[in-house]
Amino acid sequence: MATLRISTERCKSCGYCILACPSKALRLSGQLNKEGYDYVANDESKCTKCGICYTVCPDNVFEILE
Amino acid sequence: MAVLKKTPTMVSIPNHFCPGCGHGILNRLIAEVIEEKGYEKKTIMTLGVGCSCNMNASWNGDKIQCAHGRGAATATGVKIARPDLLSIAYQGDGDAYVIGLAETLNAAYRNEPITVFVINNNNFAMTGGQMSWTTMPGQVTTTSVHGRDPALTGMPIRVPEFAATFPDVAYVARGSVHSAKEINRLRGYVKNAIEAQLNGEGYALVEVLCQCPTNWGMSVEKSIKWMEEEVAPYYTLGELKGRRK
Numbered sequence: 001m002a003t004l005r006i007s008t009e010r011c012k013s014c015g016y017c018i019l020a021c022p023s024k025a026l027r028l029s030g031q032l033n034k035e036g037y038d039y040v041a042n043d044e045s046k047c048t049k050c051g052i053c054y055t056v057c058p059d060n061v062f063e064i065l066e
Numbered sequence: 067m068a069v070l071k072k073t074p075t076m077v078s079i080p081n082h083f084c085p086g087c088g089h090g091i092l093n094r095l096i097a098e099v100i101e102e103k104g105y106e107k108k109t110i111m112t113l114g115v116g117c118s119c120n121m122n123a124s125w126n127g128d129k130i131q132c133a134h135g136r137g138a139a140t141a142t143g144v145k146i147a148r149p150d151l152l153s154i155a156y157q158g159d160g161d162a163y164v165i166g167l168a169e170t171l172n173a174a175y176r177n178e179p180i181t182v183f184v185i186n187n188n189n190f191a192m193t194g195g196q197m198s199w200t201t202m203p204g205q206v207t208t209t210s211v212h213g214r215d216p217a218l219t220g221m222p223i224r225v226p227e228f229a230a231t232f233p234d235v236a237y238v239a240r241g242s243v244h245s246a247k248e249i250n251r252l253r254g255y256v257k258n259a260i261e262a263q264l265n266g267e268g269y270a271l272v273e274v275l276c277q278c279p280t281n282w283g284m285s286v287e288k289s290i291k292w293m294e295e296e297v298a299p300y301y302t303l304g305e306l307k308g309r310r311k
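Heads up: the sequence lines are chains A and B, in that order.
Residue numbers for the first sequence follow my numbering, so the first one is 1 and each next one is one higher.
Residue numbers for the second sequence follow my numbering, so the first one is 67 and each next one is one higher.
Hints may be right or wrong, so weigh each one.
[To be verified] Heads up, simulated EDC-like pairs for lysine to aspartate or glutamate below, C-alpha to C-alpha not over 16 Å straight-line:
1) B/71 to A/63
2) A/24 to B/287
3) B/72 to A/38
[As the list claims (entries may be wrong)] Counterexamples of contact, computed for chain A against chain B with all Cβ distances above 12 Å:
4) 3
5) 5
6) 13
7) 25
8) 27
9) 30
10) 41
11) 44
12) 46
13) 59
14) 60
The set of hints was computed from the structure by calculation and includes no laboratory data.
Treat the numbers as computed from the prediction; the structure is a model and nothing was measured.
Ideal Cβ positions, reconstructed from N, Cα and C, are used throughout, including at glycine.
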């Protein structure tokens, strides 16, 4: 089963992935990374591992592994 | 674990672009295609001056920081010295179309066998968001505080359309990063532009419309909406000159 890996330390909280996610599975976590950005988090129950977050992310936060 | 989507090695170092900036997306697409072709150790990137300079710290491959506007000229030199290498110029619109318009057009006119990528974010971003020749009519920048007035400063320049008229040029396209759909299309343009050089077909240019939330003073959501509704209709997306082979 595929898994979504989120490198939270790379996230800049721009929200492009949240806008693009067709399953509305992504949100800001309310937690800050080392750079002080509120990083993105995933709702596993909604995520289909379609990879659109990987496509739009300018900071390579997402990877999909199987 | 099998990897379905993995960050390419050439963009494995976190970049220093602003939050939401589209540069990082084009960086990744170029890195994906270079890795696909097995050219990670056989590519030299010539970086323009501007936000492209950020890649000095993050682009995990060979690169040269060029004088302002001279990305295509330096890439020409790289290709002459080492024709076995992939020579890529990576510039912004202020660098390639304003300061370096002569170098950009002359490389295209001579049909130099190089690949040129130009990020068009409608302003001089690195220096604080001044008006550039690609700034949209009515667009507010730090040097067009009431919005760009085309009656005074002309209409935005469309360089790829001009470059596509040169008879020998191999490939010219314009893509955008304002949606996943357009990013997927853009990946095809990036691949064609790199393959054109590897196959010895000649000069290739891909312009990329790119959001600049910081200098536009917009959220990412507003930025991509503005691009879709205002910018992309003026700067026609698609292949302006397809490959012959």
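**Request:** List, from low to high, the hint numbers that the structure doesn't satisfy.
**Result:** Failing hints, ascending: 3, 4, 5, 6, 13, 14.
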